[in-house]
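Same order as they appear, the protein sequences are chains R and H.
Here my numbering is used: position 7 in the first sequence is 7, and no number is missing along the way.
Here my numbering is used: position 15 in the second sequence is 15, and no number is missing along the way.
Just to be clear, a hint being listed does not mean it is correct.
[Claimed, not checked] Under 10 Å between C-beta atoms, here's a sample of chain H residues computed to sit facing chain R: (1) E20; (2) M109; (3) D116; (4) A117; (5) V123.
[Claimed, not checked] Capping the alpha-carbon separation at 27 Å, the derived lysine-lysine pairs in DSS-like fashion look like this: (6) R:K28 - R:K123; (7) R:K114 - R:K130; (8) R:K157 - R:K45; (9) R:K157 - R:K123; (10) R:K25 - R:K55; (11) R:K157 - R:K55; (12) R:K132 - R:K111; (13) H:K18 - R:K78; (14) H:K21 - R:K114; (15) H:K23 - R:K130; (16) R:K114 - R:K78; (17) R:K132 - R:K114; (18) R:K111 - H:K21; (19) H:K23 - R:K132; (20) H:K18 - R:K114; (21) R:K25 - R:K78; (22) R:K78 - R:K28; (23) R:K5 - R:K25; (24) R:K78 - H:K23; (25) R:K132 - H:K21; (26) R:K25 - R:K45; (27) R:K111 - H:K18; (28) R:K114 - H:K23; (29) R:K111 - R:K123; (30) R:K157 - R:K114; (31) R:K45 - H:K18; (32) R:K28 - R:K5; (33) R:K157 - H:K21; (34) H:K23 - R:K111; (35) R:K5 - R:K45; (36) R:K123 - R:K78; (37) R:K111 - R:K78; (38) R:K157 - R:K78; (39) H:K21 - R:K78.
Worth flagging that the hints you see were computed from the coordinates, not collected in a lab.
Where is the CB? At the ideal position from N, CA and C, for every residue including glycine.
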Amino acid sequence: MIEVKDIYKTFGDNHVLRGISAGFKPGKNNLIIGGSGSGKTTLLKCIVGLHEPTKGDVLYDGHNFTDMHFTERVHIRKEIGMLFQNSALFDSMTVEENIMFPLNLFTDQSKEEKLDRANFCLKRVNLEGKNKLYPSELSGGMKKRVGIARAISMQPKYLFVDEPNSGLDPLTSILIDELINELTQEYCITTVVVTHDMNSVMGIGDHVIFLYNGQKWWEGTNHDIAHTDNKELNDFVFASKFMKAAREKL
Amino acid sequence: MFHSLGRYILLLWLSFRKPEKFKVYWAEVMREMVSQGIGSLGIIAIISVFIGAVATIQTAFQLVSDLVPRSVVGGITRDSTILEFSPTISALVLAGRIGSSIASQIGTMRVTEQIDALEIMGVNTPGYIISPKIISGVTMVPLLVIISVLLGLGGGYLACAVSNNVSTTDYLSGLTDGFNSIIVTVCAVKALAFGFIITSICAYQGFYTSGGALEVGQAATRGVVYSCIMILFADLIISKVLL
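This is chain R alone, in the form it adopts within the complex (with noise of 0.2 Å):
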């Protein structure tokens, strides 16, 4: 379980976050969405530990994770898994050697041992055989899965996502999604993704939570927003032609 209490960030004069408080919770696909601008990538990196809350707490599984010196996140790192919006895998490596990145650094396991983990990872994420590739031979839908490979090889409790929809189609939009709801599912994993696509958030969104300047606006899951009042939430939601139609229909 992840909480934030009462987070704020700002850069300068720029109050990026007003006050969060939420609570995430394992098994569930967490989803921060929210406009351009909104907070989403901030709150999301302040929960990872990338931004330092300039108020507020951070807690994993009750342990104050803004308190903590680096030694002591170490701790928590090791149980956590990140895609990032482009990937950021590394450009020197093999497909096979970003996946076994971490279990080289933080696990005593012999190189089969790596070597069989890497391999199940990229079993997982259907990447059998592109052991050998290198990030510059690879799509950005196969970026993105080995991305998910690399954020599972640790085994992660808690698993952060942002945009993991951006720059693709909609069919492998469709596919990561899915992956990303078996893995929460199957490892019980605390998921949390920052996204604005719609379809993400009607698909996967169990746990939903929409920023509007910096705030929480609301907060439900994904059958709620189609009946919520909430007029910045729908203006969101359904700022499409297509959107609204849909929710005529439902």
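With chain R's structure known, arrange chain H on it following the hints.
For chain H alone, kept in the frame of chain R given last:
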């Protein structure tokens, strides 16, 4: 300025914290040594031979008096090559060759979130990315300077053989006459300092890059310019203190 200096010192301190796994870091050090050392050998060889040859010809041109023995040309070429030309000019060239590569590589890692990915995993990012480059720099730059000295003196010999201004016998005799070993110590200290300056300054510039491709290019340029300035400054200080 003090803010940057503080961040630079803090980054260096973080870079030399205990590694998570020595074996993984060692592999990176080896990779950097190959990249910095072998990769720079060609350019260093070319400039060293030419510098040695030009230094010899110009020294011979200026010493036209019958009162000065021709072997002095060898001595002056030796001292100027070991003391100044090889360490300093090599370092300035290496700042462009190695420094820009380090700054742009780390800068690209920063803007493509690869550094964030390392931090999320719990890796001591400055240690993993920067320390192998600095260790490699303080090892390979002195080795490259030694090669540069040898090739520079060889270039001087070739110039004597080709130009007939000074005989090769006089040149070789001048190389060994009145040799003071302090110049080798000064050369070694300079090479070590320059290796550290190039790698650490460029790594710092790359590490704190933010933005996109334009900023990565600017970081690489800044890294090279600041390294060159600091090399010349350190050159002055070391010469003043040790000579």
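Structure-inconsistent hints, enumerated in ascending order: none
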